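Participant: Heads up: the protein sequence lines correspond to chains S and V, in order.
What the first sequence shows, in UniProt numbering, is residues 1 to 248, in sequence order.
What the second sequence shows, in UniProt numbering, is residues 1 to 430, in sequence order.
Just so you know, the hints here were simulated from the structure itself, not pulled from any lab data.
Incorrect hints may appear among the rest.
[Said to hold, decoys possible] Below, computed lysine-lysine pairings styled on DSS-like, alpha-carbon distance capped at 25 Å:
1) S:K7 / S:K79
2) V:K426 / S:K14
3) S:K44 / S:K14
4) S:K110 / V:K162
5) S:K44 / V:K426
6) V:K341 / S:K44
Here the structure is a predicted model, which means the values were calculated and not measured.
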Amino acid sequence: MASIAVKELRKTYKGAAEATLKGLTFAFPEGKIGGLLGPNGAGKTTTISILCGLVQADGGDVMIHSLPQNAAHREQIKKIIGIVPQQIALYPQLSAVENLTYFGNLYGLKGKALYEKIMHYLEVFGLEKSAHKEIHKYSGGMKRRANIIAAILHEPDLLILDEPTAGVDVQSRSMILQFLRSYNEQGASILYTSHLLEEAQSLCDEVAIMDEGRMILQGQPESLIDELPECRNLEDVFLHYTGHALRD
Amino acid sequence: MLRLLATIRKEWQLLVRDKMGLTLLFVMPVVLITVMALIQDAPFKDYQDVKFDILTVDNDHGRLGKYIREGLASGGQFNIIDTLDGHPVTEQQARELVNNGHYKISIIVPAGSTAAIVSNANRIVNDITQRMGMSVSLPVKKGADSLNVVIYFDPAAKKAFKGAIHQALDNFLTQVETDMLLGRIQQQLRRKDTTATPNDTLPIRLQAVGLKEHATGTSKQLDVVSNSVQHNVPAWSIFAMFFIVIPIAGNMIREREDGSLLRMKLIPGSYLLILAGKMLFFVGICLLQFYLMMLVGIYAMPLLDLPKLVMGHDQGATLLVAGAIGLAATAYGILIGTLFKTPNQALNFGAISIVILSAIGGIWIPLEVMPANMQVIGHLSPLSWGLDAINDIYLRNGDIGYVWKNVLRLVLTGGVMLAVAGFVEKRRMN
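Can you build the whole structure from these sequences, using the hints too?
Facilitator: Put into structure tokens, the structure is as follows:
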């Protein structure tokens with residue numbers, strides 16, 4: 001069964017000269033780590049927004065854990081997914097505990113059970129000593145880790161991460177990737193986007209490379225590399241299909 | 001319910017850590033209302049409590065001069081000054097002192113003015129008695145010149161002030177002339193009535209119909225006049241409440257920029273409950289601001305030698321109006337936070353728009369003194385609806401029956417602003 005199945009997805013924003021998504025199709029199996037890769041402007045953010053139900057597609061189908069992403073199932077799907085946006089979606093003036101308590105409350109979690117869960121994850125991510133420190137006093141890596149905790153408090157079956165390791169140090173990145181593997185081993189599906197292709201190659205079970213609103217290819221990283229003798233890694237594959245032209 | 005309460009608690013935590021925001025919401029308004037009440041105290045007192053010095057030059061030394069001096073002094077609004085450094089004020093002195101602004105007004109009673117009035121009264125009595133077949137001839141000055149009581153005003157004196165003084169003096173002149181005429185008539189009648197004793201007075205009443213001022217309140221009487229505190233405390237409190245758009249708009253833009261808005265929208269359950277929590281919190285802050293300002297008006301203003309604020313009798317209506325103002329202000333903040341992309345844009349537009357709305361809405365100066373076309377425009381400002389409603393309660397002793405229309409206007413405007421914000425946000429996502 002697929003955790004995410006997208007078929008012929010189309011989207012053109014109002015006033016835009018060109019379509020952002022032009023019949024995008026891909027699927028990732030349940031319980032796996034899938035990587036959605038593409039250069040700037042490929043349509044990754046729009047795809048994620050449609051997957052989450054924030055943006056309406058003009059056409060095509062989206063299934064999340066076998067549920068169609070539509071108004072009737074939107075609330076159910078929200079319970080299944082957790083999203084880690086690229087920005088640090090936390091209140092800088094509040095401490096980690098205050099931030100996480102607020103988002104936990106919004107998920108309906110409360111009291112001692114919530115507090116214990118927060119403290120557990122803070123410990124997992126090495127933030128227990130800074131639990132009551134305001135977020136704006138955190139380093140970049142600490143903020144990224146706290147940002148992930150806010151998305152997993154309700155223990156989602158599908159975790160969507162948009163550039164979760166952007167701008168963090170090696171230690172933080174290692175801890176984040178280690179956590180994602182362990183969260184995946186517990187049965188959760190993960191959709192991950194990144195520009196760090198070496199990281200994607202080592203983390204993802206499958207990757208889908210998209211460009212200009214269309215899917216270019218999908219498969220296991222090692223298979224994709226093997227298919228092209230001149231390519232030594234995923235970055236070579238990516239450049240082979242998307243070219244060297246700048247995407248500003 | 002949990003998400004509503006959690007949002008209120010989160011907004012509170014954010015506010016208490018925002019020292020600048022707290023200053024903007026609570027300290028600045030207190031300073032503002034105090035400064036404005038102090039500055040505008042004198043202009044408001046112009047025609048109420050302030051005592052003016054009036055230089056009087058009495059060249060007549062007769063009844064008219066005495067009448068004018070006593071009449072002006074009896075009102076309690078004027079200090080009559082007829083000597084300077086122990087010497088009687090001269091006409092030349094009076095003119096110079098008024099012209100250079102040391103005094104606002106000077107009155108010169110010309111020599112012979114009482115004699116002229118007496119002569120005129122005698123002429124009338126002679127004429128009446130002659131027509132009645134009585135042979136009375138009181139002395140009349142032949143070829144009497146027309147005399148004028150001369151008034152000098154400070155060139156900066158307001159037109160209304162001049163009019164009031166003119167009218168008061170005109171009344172005194174009429175009164176003196178009437179008194180003298182009636183005195184002469186009484187004298188002649190007594191002479192004709194041989195049975196009357198010298199102490200008998202004829203029952204001549206000059207005023208059959210008098211004037212009496214009543215308060216317009218429907219129930220309990222209020223003895224409140226519009227003074228600097230009564231205008232400035234509610235007016236600038238409403239202004240300060242509307243300034244809540246700045247923290248709200250900034251807060252919303254930051255939530256959109258840092259992705260927490262996105263996160264909130266991805267959490268199961270209605271985002272409207274989160275928005276309702278945010279609104280409830282900020283409406284609560286507006287109410288807190290409003291009542292803090294009222295407390296300043298009641299307890300702090302008298303310490304500064306200013307009048308004490310009087311809040312009317314219907315506290316329920318006051319709470320309703322303050323809540324409606326808070327709702328409209330909060331909705332305006334949410335609209336601005338939705339329309340603009342950066343905190344700087346929102347800050348500039350929000351602040352300038354509130355200043356404009358307050359200026360045309362009668363916050364700075366009452367709408368009544370504005371030109372007619374500006375009054376029409378001013379009545380479109382939500383700030384004027386709020387101020388009108390507060391004045392209805394505070395000055396007109398009104399209740400909910402007086403203010404419901406303005407409350408409805410504020411609530412509906414808030415509703416429309418929220419609907420527009422919702423529409424824009426939805427459109428932006430697609």
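Participant: Now, for every hint given, state plainly whether the structure supports it.
Facilitator: Tested hints:
Distance check on the hinted pair: K7 (chain S) and K79 (chain S) sit about 22 Å apart at the alpha-carbon level, within 25 Å; holds. Between K426 (chain V) and K14 (chain S), the direct Cα distance comes to roughly 12 Å. Compliance with the 25 Å bound is thereby established for this hinted pair. About 18 Å separates the Cα atoms of K44 (chain S) and K14 (chain S), which keeps this hinted pair within 25 Å; it holds. Between K110 (chain S) and K162 (chain V), the direct Cα distance comes to roughly 72 Å. Violation of the 25 Å bound is thereby established for this hinted pair.
Between K44 (chain S) and K426 (chain V) the alpha-carbon distance is near 20 Å, which keeps this suggested pair within the 25 Å criterion. Under the criterion of a C-alpha separation no larger than 25 Å, the hint pairing K341 (chain V) with K44 (chain S) is consistent with the structure, at around 23 Å.
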